[in-house]
Amino acid sequence: MKTSKRLWSILVAVVVAAVLGIAGIVLASTGVMERIIRPSQEKVATYFPPARKITIAAVGDIMMGTDYPSPKLPPQDGTLLFADAAPILRAVDITFGNLEGPITTARACTKNTSNPRTFAFRCPPKLAKNLATAGFDVMGLANNHARDFGYAGIVETKRILDSLGIQYSSKNGEVAEFVIDSLKVGLIAFSTGSAPRSILNIEMCRREVAELAQKFDILIVSFHGGSEGTKALHTRDAFENLYGEPRGNVIRFAHEMIDAGADLVIGHGPHVPRGMEVYNDRLIAYSLGNFCTYRCMQLVAELGYAPLLVVEVDSVGNFLRGKIHSFRQFSPGGPSADTSDAAFRLMRDLSIVDFSESAPRFSESLSFYPPGDSASTLVPEEPNTNGKSDSPPSSH
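All residue numbers for the sequence shown refer to my numbering, where the first residue is 22 and numbers rise by one.
Just so you know, the hints here were simulated from the structure itself, not pulled from any lab data. Keep in mind the model is a prediction, meaning the values are calculated, not measured. Some hints here could point you the wrong way.
[As the list claims (entries may be wrong)] Cut-off 20 Å, straight-line C-alpha distance, at most; resulting in silico cross-link-like pairs (EDC-like, lysine to aspartate or glutamate): (1) K74 / D335; (2) K344 / D370; (3) K147 / D98; (4) K344 / D394; (5) K74 / D114; (6) K344 / D98; (7) K236 / D335; (8) K205 / D114; (9) K236 / E266; (10) K74 / E333; (11) K252 / E266; (12) K74 / D362; (13) K132 / E177; (14) K205 / E232; (15) K236 / D202; (16) K344 / E385; (17) K236 / E177; (18) K344 / D105.
Start from the sequences, fold in the hints, and give me the full structure.
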(Lines of atoms letter the chains of each structure in order from A; the text may use other names.)
(Lines give C-alpha, C1' and ligand atoms only; values in the text may rest on other atoms or scores of the structure.)
Protein backbone atom coordinates (compact mmCIF):
# COMPACT_ATOMS: atom_id res chain seq x y z
CA MET A 22 0.00 0.00 0.00
CA LYS A 23 2.76 2.46 0.93
CA THR A 24 4.63 1.58 -2.35
CA SER A 25 1.61 2.21 -4.60
CA LYS A 26 0.94 5.57 -2.92
CA ARG A 27 4.56 6.57 -3.46
CA LEU A 28 4.38 5.63 -7.17
CA TRP A 29 1.13 7.56 -7.54
CA SER A 30 2.73 10.64 -5.92
CA ILE A 31 5.69 10.44 -8.33
CA LEU A 32 3.36 10.21 -11.33
CA VAL A 33 1.36 13.27 -10.19
CA ALA A 34 4.56 15.28 -9.67
CA VAL A 35 5.78 14.46 -13.20
CA VAL A 36 2.47 15.58 -14.74
CA VAL A 37 2.42 18.87 -12.78
CA ALA A 38 6.01 19.64 -13.80
CA ALA A 39 5.18 19.05 -17.43
CA VAL A 40 2.18 21.37 -17.28
CA LEU A 41 4.18 24.13 -15.59
CA GLY A 42 6.95 23.76 -18.16
CA ILE A 43 4.55 24.21 -21.06
CA ALA A 44 2.97 27.24 -19.33
CA GLY A 45 6.42 28.77 -18.88
CA ILE A 46 7.20 28.44 -22.58
CA VAL A 47 3.92 30.15 -23.49
CA LEU A 48 4.48 33.01 -21.03
CA ALA A 49 8.03 33.52 -22.23
CA SER A 50 6.98 33.64 -25.86
CA THR A 51 4.42 36.33 -25.13
CA GLY A 52 6.76 38.42 -22.98
CA VAL A 53 4.61 37.90 -19.91
CA MET A 54 7.33 35.97 -18.11
CA GLU A 55 9.76 38.84 -18.57
CA ARG A 56 7.28 41.23 -17.03
CA ILE A 57 6.79 38.87 -14.12
CA ILE A 58 10.52 38.38 -13.55
CA ARG A 59 11.36 42.02 -14.28
CA PRO A 60 8.61 44.24 -12.95
CA SER A 61 7.89 47.57 -14.56
CA GLN A 62 10.23 50.35 -13.56
CA GLU A 63 7.19 52.44 -12.67
CA LYS A 64 6.99 53.36 -8.96
CA VAL A 65 5.05 50.74 -7.05
CA ALA A 66 3.00 52.08 -4.12
CA THR A 67 3.90 50.38 -0.85
CA TYR A 68 1.15 50.13 1.76
CA PHE A 69 1.98 51.20 5.26
CA PRO A 70 -0.73 51.07 7.92
CA PRO A 71 -1.67 54.58 9.08
CA ALA A 72 0.16 55.75 12.20
CA ARG A 73 -2.09 55.74 15.22
CA LYS A 74 -2.95 59.15 16.58
CA ILE A 75 -5.69 60.73 18.65
CA THR A 76 -7.35 64.13 18.75
CA ILE A 77 -8.27 65.88 21.98
CA ALA A 78 -10.51 68.91 22.35
CA ALA A 79 -10.16 71.02 25.48
CA VAL A 80 -11.85 74.11 26.86
CA GLY A 81 -11.55 76.12 30.04
CA ASP A 82 -14.03 76.89 32.80
CA ILE A 83 -17.64 75.79 32.54
CA MET A 84 -20.44 76.92 34.85
CA MET A 85 -23.72 76.72 32.97
CA GLY A 86 -25.63 78.76 35.53
CA THR A 87 -26.15 78.95 39.27
CA ASP A 88 -29.18 79.07 41.55
CA TYR A 89 -27.16 80.27 44.53
CA PRO A 90 -27.50 82.70 46.21
CA SER A 91 -30.08 83.79 43.62
CA PRO A 92 -31.10 82.23 40.30
CA LYS A 93 -28.86 83.11 37.35
CA LEU A 94 -29.96 80.50 34.85
CA PRO A 95 -30.00 80.31 31.05
CA PRO A 96 -33.26 80.11 29.10
CA GLN A 97 -34.56 76.75 27.86
CA ASP A 98 -32.53 74.99 30.54
CA GLY A 99 -29.34 75.86 28.69
CA THR A 100 -30.03 73.64 25.69
CA LEU A 101 -28.54 76.27 23.36
CA LEU A 102 -25.43 77.09 25.39
CA PHE A 103 -23.07 74.90 23.34
CA ALA A 104 -24.91 75.08 20.01
CA ASP A 105 -22.03 76.75 18.15
CA ALA A 106 -19.30 74.61 19.69
CA ALA A 107 -20.92 71.17 19.75
CA PRO A 108 -20.00 70.13 16.19
CA ILE A 109 -16.31 70.55 17.05
CA LEU A 110 -16.59 69.04 20.52
CA ARG A 111 -18.25 65.95 19.09
CA ALA A 112 -15.81 65.47 16.20
CA VAL A 113 -12.75 64.41 18.22
CA ASP A 114 -11.72 61.35 20.20
CA ILE A 115 -11.79 62.90 23.69
CA THR A 116 -13.34 66.19 24.83
CA PHE A 117 -12.35 67.81 28.14
CA GLY A 118 -13.63 70.79 30.11
CA ASN A 119 -13.11 72.18 33.60
CA LEU A 120 -16.36 72.09 35.61
CA GLU A 121 -16.10 75.23 37.72
CA GLY A 122 -18.51 74.28 40.48
CA PRO A 123 -20.76 71.44 41.62
CA ILE A 124 -23.92 70.17 39.96
CA THR A 125 -26.05 69.64 43.02
CA THR A 126 -29.07 70.43 45.16
CA ALA A 127 -27.00 70.45 48.37
CA ARG A 128 -27.81 73.37 50.65
CA ALA A 129 -24.79 73.83 52.91
CA CYS A 130 -22.41 76.30 51.27
CA THR A 131 -18.81 76.05 52.45
CA LYS A 132 -17.85 79.62 51.59
CA ASN A 133 -18.42 82.96 53.24
CA THR A 134 -20.10 84.77 50.37
CA SER A 135 -20.57 87.91 52.48
CA ASN A 136 -17.02 88.72 51.39
CA PRO A 137 -17.40 90.61 48.08
CA ARG A 138 -14.38 88.74 46.70
CA THR A 139 -15.83 85.34 47.51
CA PHE A 140 -18.30 83.56 45.25
CA ALA A 141 -19.97 80.17 45.36
CA PHE A 142 -21.65 78.36 42.49
CA ARG A 143 -24.35 75.69 42.46
CA CYS A 144 -25.48 74.40 39.09
CA PRO A 145 -28.95 72.79 39.04
CA PRO A 146 -28.90 69.12 37.96
CA LYS A 147 -31.37 69.81 35.15
CA LEU A 148 -28.56 71.57 33.23
CA ALA A 149 -26.15 68.64 33.40
CA LYS A 150 -27.46 66.87 30.31
CA ASN A 151 -26.16 69.74 28.19
CA LEU A 152 -22.59 68.54 28.81
CA ALA A 153 -23.34 65.12 27.36
CA THR A 154 -25.30 66.54 24.45
CA ALA A 155 -22.42 68.88 23.59
CA GLY A 156 -19.98 65.98 23.47
CA PHE A 157 -17.96 66.20 26.68
CA ASP A 158 -16.27 62.94 27.68
CA VAL A 159 -14.42 64.01 30.82
CA MET A 160 -14.69 66.93 33.26
CA GLY A 161 -12.04 68.30 35.56
CA LEU A 162 -13.31 68.59 39.14
CA ALA A 163 -9.99 69.66 40.66
CA ASN A 164 -10.51 73.38 41.16
CA ASN A 165 -11.40 75.96 43.79
CA HIS A 166 -15.18 75.75 43.23
CA ALA A 167 -15.87 72.02 42.93
CA ARG A 168 -16.51 71.78 46.68
CA ASP A 169 -18.48 74.99 47.14
CA PHE A 170 -21.22 72.81 48.66
CA GLY A 171 -18.99 70.41 50.47
CA TYR A 172 -18.87 66.65 50.41
CA ALA A 173 -22.54 66.28 49.57
CA GLY A 174 -22.18 68.58 46.58
CA ILE A 175 -19.18 66.85 45.03
CA VAL A 176 -20.65 63.37 45.60
CA GLU A 177 -23.87 64.36 43.83
CA THR A 178 -21.87 65.93 41.00
CA LYS A 179 -19.98 62.69 40.43
CA ARG A 180 -23.17 60.64 40.58
CA ILE A 181 -24.80 62.85 37.95
CA LEU A 182 -21.77 62.69 35.66
CA ASP A 183 -21.69 58.92 36.08
CA SER A 184 -25.33 58.72 34.99
CA LEU A 185 -24.47 60.69 31.84
CA GLY A 186 -21.47 58.54 30.97
CA ILE A 187 -19.05 61.42 31.57
CA GLN A 188 -15.80 60.62 33.36
CA TYR A 189 -14.04 63.00 35.77
CA SER A 190 -10.94 63.60 37.82
CA SER A 191 -11.06 65.43 41.14
CA LYS A 192 -8.75 66.14 44.05
CA ASN A 193 -9.49 62.57 45.15
CA GLY A 194 -7.32 61.38 42.27
CA GLU A 195 -9.77 59.61 39.99
CA VAL A 196 -8.19 58.90 36.62
CA ALA A 197 -10.34 59.03 33.50
CA GLU A 198 -9.52 56.12 31.20
CA PHE A 199 -10.16 55.68 27.49
CA VAL A 200 -9.15 53.23 24.78
CA ILE A 201 -8.82 54.90 21.38
CA ASP A 202 -7.69 52.75 18.45
CA SER A 203 -6.19 50.29 20.96
CA LEU A 204 -4.25 53.12 22.67
CA LYS A 205 -4.78 53.49 26.41
CA VAL A 206 -5.33 57.15 27.30
CA GLY A 207 -5.54 58.53 30.84
CA LEU A 208 -6.36 61.95 32.30
CA ILE A 209 -5.72 63.20 35.81
CA ALA A 210 -6.46 66.66 37.22
CA PHE A 211 -4.61 68.70 39.84
CA SER A 212 -5.36 72.01 41.56
CA THR A 213 -3.99 74.39 44.17
CA GLY A 214 -4.84 74.33 47.87
CA SER A 215 -3.93 71.99 50.67
CA ALA A 216 -5.20 68.76 49.10
CA PRO A 217 -2.55 66.08 48.59
CA ARG A 218 -2.85 66.37 44.80
CA SER A 219 -1.90 70.03 44.72
CA ILE A 220 0.34 71.72 42.17
CA LEU A 221 2.03 73.24 45.21
CA ASN A 222 3.32 69.75 46.02
CA ILE A 223 5.15 69.11 42.77
CA GLU A 224 7.13 66.12 44.00
CA MET A 225 3.98 64.25 45.04
CA CYS A 226 2.29 65.05 41.71
CA ARG A 227 5.39 63.96 39.85
CA ARG A 228 5.45 60.57 41.57
CA GLU A 229 1.80 59.96 40.75
CA VAL A 230 2.23 60.97 37.11
CA ALA A 231 5.31 58.75 36.76
CA GLU A 232 3.30 55.76 37.99
CA LEU A 233 0.40 56.50 35.64
CA ALA A 234 2.73 56.97 32.68
CA GLN A 235 3.66 53.30 33.02
CA LYS A 236 0.01 52.32 32.67
CA PHE A 237 -1.09 54.51 29.77
CA ASP A 238 0.18 55.00 26.24
CA ILE A 239 -0.87 58.66 26.42
CA LEU A 240 -1.30 60.58 29.68
CA ILE A 241 -3.05 63.96 29.89
CA VAL A 242 -2.58 66.23 32.90
CA SER A 243 -5.03 69.02 33.73
CA PHE A 244 -4.23 71.69 36.29
CA HIS A 245 -6.05 74.63 37.85
CA GLY A 246 -3.53 77.28 38.82
CA GLY A 247 -1.93 80.65 38.27
CA SER A 248 -3.16 84.13 39.12
CA GLU A 249 -6.34 85.60 37.64
CA GLY A 250 -7.58 88.41 35.45
CA THR A 251 -6.27 90.52 32.62
CA LYS A 252 -3.09 91.31 34.56
CA ALA A 253 -2.34 87.58 34.48
CA LEU A 254 -2.30 87.12 30.70
CA HIS A 255 1.43 86.44 30.59
CA THR A 256 2.93 83.19 31.87
CA ARG A 257 6.02 83.62 34.03
CA ASP A 258 8.49 81.13 35.40
CA ALA A 259 7.74 82.34 38.91
CA PHE A 260 5.48 81.57 41.83
CA GLU A 261 2.08 83.26 41.53
CA ASN A 262 -0.33 84.43 44.22
CA LEU A 263 -3.84 85.89 44.31
CA TYR A 264 -5.02 87.88 47.32
CA GLY A 265 -2.36 86.10 49.36
CA GLU A 266 -3.42 82.64 48.19
CA PRO A 267 -0.58 80.59 46.64
CA ARG A 268 -1.33 79.65 43.02
CA GLY A 269 1.88 77.86 42.11
CA ASN A 270 4.63 78.12 39.52
CA VAL A 271 2.74 76.74 36.55
CA ILE A 272 5.75 76.53 34.21
CA ARG A 273 7.75 74.50 36.68
CA PHE A 274 4.74 72.28 37.39
CA ALA A 275 4.03 71.62 33.71
CA HIS A 276 7.66 70.86 32.88
CA GLU A 277 7.98 68.50 35.83
CA MET A 278 4.84 66.63 34.81
CA ILE A 279 6.16 66.11 31.29
CA ASP A 280 9.53 65.03 32.65
CA ALA A 281 7.62 62.48 34.74
CA GLY A 282 5.79 61.09 31.71
CA ALA A 283 2.81 63.33 30.87
CA ASP A 284 2.13 63.82 27.15
CA LEU A 285 -0.23 66.82 27.16
CA VAL A 286 -0.75 69.46 29.86
CA ILE A 287 -3.92 71.57 29.89
CA GLY A 288 -4.23 74.56 32.22
CA HIS A 289 -7.12 76.71 33.41
CA GLY A 290 -7.79 78.99 36.35
CA PRO A 291 -6.66 82.52 35.34
CA HIS A 292 -10.04 83.15 33.61
CA VAL A 293 -8.14 84.45 30.58
CA PRO A 294 -6.31 82.56 27.84
CA ARG A 295 -2.55 82.23 28.15
CA GLY A 296 0.17 81.16 25.76
CA MET A 297 1.36 77.69 24.81
CA GLU A 298 4.74 76.04 24.44
CA VAL A 299 6.15 72.75 23.24
CA TYR A 300 8.43 71.14 25.80
CA ASN A 301 10.20 67.85 25.02
CA ASP A 302 7.86 67.36 22.04
CA ARG A 303 4.80 67.73 24.29
CA LEU A 304 2.29 70.57 24.18
CA ILE A 305 1.47 72.72 27.20
CA ALA A 306 -1.54 75.07 27.10
CA TYR A 307 -1.18 77.22 30.21
CA SER A 308 -4.75 78.53 30.36
CA LEU A 309 -7.87 78.18 28.23
CA GLY A 310 -9.79 80.90 30.08
CA ASN A 311 -13.57 80.93 30.51
CA PHE A 312 -15.59 78.89 28.04
CA CYS A 313 -19.18 78.85 29.28
CA THR A 314 -19.80 80.85 32.46
CA TYR A 315 -23.39 82.03 32.30
CA ARG A 316 -23.78 85.10 34.54
CA CYS A 317 -21.01 83.75 36.76
CA MET A 318 -17.94 85.68 35.61
CA GLN A 319 -16.92 89.05 34.29
CA LEU A 320 -16.73 88.81 30.52
CA VAL A 321 -15.08 92.09 29.55
CA ALA A 322 -12.04 92.08 27.27
CA GLU A 323 -9.96 88.89 27.38
CA LEU A 324 -12.14 87.51 30.17
CA GLY A 325 -14.71 86.86 27.46
CA TYR A 326 -12.34 85.09 25.06
CA ALA A 327 -13.29 81.41 24.88
CA PRO A 328 -10.79 79.30 22.92
CA LEU A 329 -11.60 75.73 21.93
CA LEU A 330 -8.33 73.88 21.54
CA VAL A 331 -8.01 70.80 19.33
CA VAL A 332 -4.73 68.88 19.60
CA GLU A 333 -3.45 65.87 17.69
CA VAL A 334 -0.78 63.62 19.20
CA ASP A 335 0.83 60.43 17.94
CA SER A 336 0.77 57.02 19.59
CA VAL A 337 3.53 57.91 22.04
CA GLY A 338 2.25 61.40 22.88
CA ASN A 339 4.36 63.57 20.59
CA PHE A 340 2.57 66.77 19.61
CA LEU A 341 1.75 66.74 15.90
CA ARG A 342 -0.51 69.72 15.25
CA GLY A 343 -3.34 71.73 16.71
CA LYS A 344 -5.98 74.32 16.01
CA ILE A 345 -7.56 77.10 18.04
CA HIS A 346 -11.24 77.64 17.33
CA SER A 347 -12.18 81.08 18.57
CA PHE A 348 -15.35 81.61 20.55
CA ARG A 349 -16.40 84.54 22.64
CA GLN A 350 -18.73 85.11 25.54
CA PHE A 351 -20.84 88.22 25.68
CA SER A 352 -23.12 89.00 28.60
CA PRO A 353 -24.91 87.05 29.95
CA GLY A 354 -22.59 84.28 28.70
CA GLY A 355 -22.22 81.16 26.63
CA PRO A 356 -19.73 80.61 23.78
CA SER A 357 -20.53 82.11 20.39
CA ALA A 358 -18.40 81.56 17.29
CA ASP A 359 -16.06 84.53 16.82
CA THR A 360 -15.24 85.31 13.19
CA SER A 361 -12.60 87.82 14.30
CA ASP A 362 -10.55 84.93 15.74
CA ALA A 363 -9.64 87.00 18.78
CA ALA A 364 -8.80 84.02 20.99
CA PHE A 365 -6.48 82.55 18.35
CA ARG A 366 -4.65 85.84 17.84
CA LEU A 367 -4.28 86.39 21.58
CA MET A 368 -2.93 82.90 22.29
CA ARG A 369 -0.62 83.09 19.28
CA ASP A 370 0.84 86.40 20.38
CA LEU A 371 1.20 85.39 24.03
CA SER A 372 2.90 82.15 23.00
CA ILE A 373 5.48 83.92 20.86
CA VAL A 374 6.14 86.70 23.37
CA ASP A 375 6.32 84.47 26.46
CA PHE A 376 8.00 81.36 25.04
CA SER A 377 9.95 82.47 21.98
CA GLU A 378 11.80 79.46 20.57
CA SER A 379 9.65 76.89 22.39
CA ALA A 380 6.40 78.44 21.15
CA PRO A 381 4.46 76.50 18.53
CA ARG A 382 4.67 77.74 14.95
CA PHE A 383 1.41 79.33 13.86
CA SER A 384 -0.17 79.46 10.42
CA GLU A 385 -2.75 81.73 8.84
CA SER A 386 -5.29 78.89 9.01
CA LEU A 387 -5.62 79.11 12.82
CA SER A 388 -3.49 75.98 13.12
CA PHE A 389 -0.19 75.52 14.94
CA TYR A 390 2.66 73.05 14.76
CA PRO A 391 5.82 72.02 16.61
CA PRO A 392 8.66 74.56 16.73
CA GLY A 393 10.74 74.40 13.58
CA ASP A 394 7.87 73.09 11.51
CA SER A 395 7.46 74.51 8.03
CA ALA A 396 4.31 76.40 9.03
CA SER A 397 4.71 80.13 8.66
CA THR A 398 5.46 82.15 11.75
CA LEU A 399 3.30 85.20 12.29
CA VAL A 400 4.47 88.42 13.91
CA PRO A 401 2.99 88.84 17.39
CA GLU A 402 1.21 91.89 18.66
CA GLU A 403 1.45 92.65 22.36
CA PRO A 404 -2.07 92.35 23.84
CA ASN A 405 -3.59 95.77 24.40
CA THR A 406 -5.44 96.06 27.68
CA ASN A 407 -5.76 99.85 27.71
CA GLY A 408 -9.12 100.89 29.05
CA LYS A 409 -10.00 97.33 30.03
CA SER A 410 -10.71 95.87 33.44
CA ASP A 411 -7.54 94.81 35.27
CA SER A 412 -9.33 93.47 38.30
CA PRO A 413 -9.32 89.68 38.59
CA PRO A 414 -12.71 88.06 38.26
CA SER A 415 -14.08 87.10 41.64
CA SER A 416 -13.70 83.35 41.83
CA HIS A 417 -12.72 82.58 45.41
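Status of the hints after comparison with the structure:
{"no.": "1", "hint": "K74 / D335", "result": "4 Å, holds"}
{"no.": "2", "hint": "K344 / D370", "result": "15 Å, holds"}
{"no.": "3", "hint": "K147 / D98", "result": "7 Å, holds"}
{"no.": "4", "hint": "K344 / D394", "result": "15 Å, holds"}
{"no.": "5", "hint": "K74 / D114", "result": "10 Å, holds"}
{"no.": "6", "hint": "K344 / D98", "result": "30 Å, violated"}
{"no.": "7", "hint": "K236 / D335", "result": "17 Å, holds"}
{"no.": "8", "hint": "K205 / D114", "result": "12 Å, holds"}
{"no.": "9", "hint": "K236 / E266", "result": "34 Å, violated"}
{"no.": "10", "hint": "K74 / E333", "result": "7 Å, holds"}
{"no.": "11", "hint": "K252 / E266", "result": "16 Å, holds"}
{"no.": "12", "hint": "K74 / D362", "result": "27 Å, violated"}
{"no.": "13", "hint": "K132 / E177", "result": "18 Å, holds"}
{"no.": "14", "hint": "K205 / E232", "result": "14 Å, holds"}
{"no.": "15", "hint": "K236 / D202", "result": "16 Å, holds"}
{"no.": "16", "hint": "K344 / E385", "result": "11 Å, holds"}
{"no.": "17", "hint": "K236 / E177", "result": "29 Å, violated"}
{"no.": "18", "hint": "K344 / D105", "result": "16 Å, holds"}
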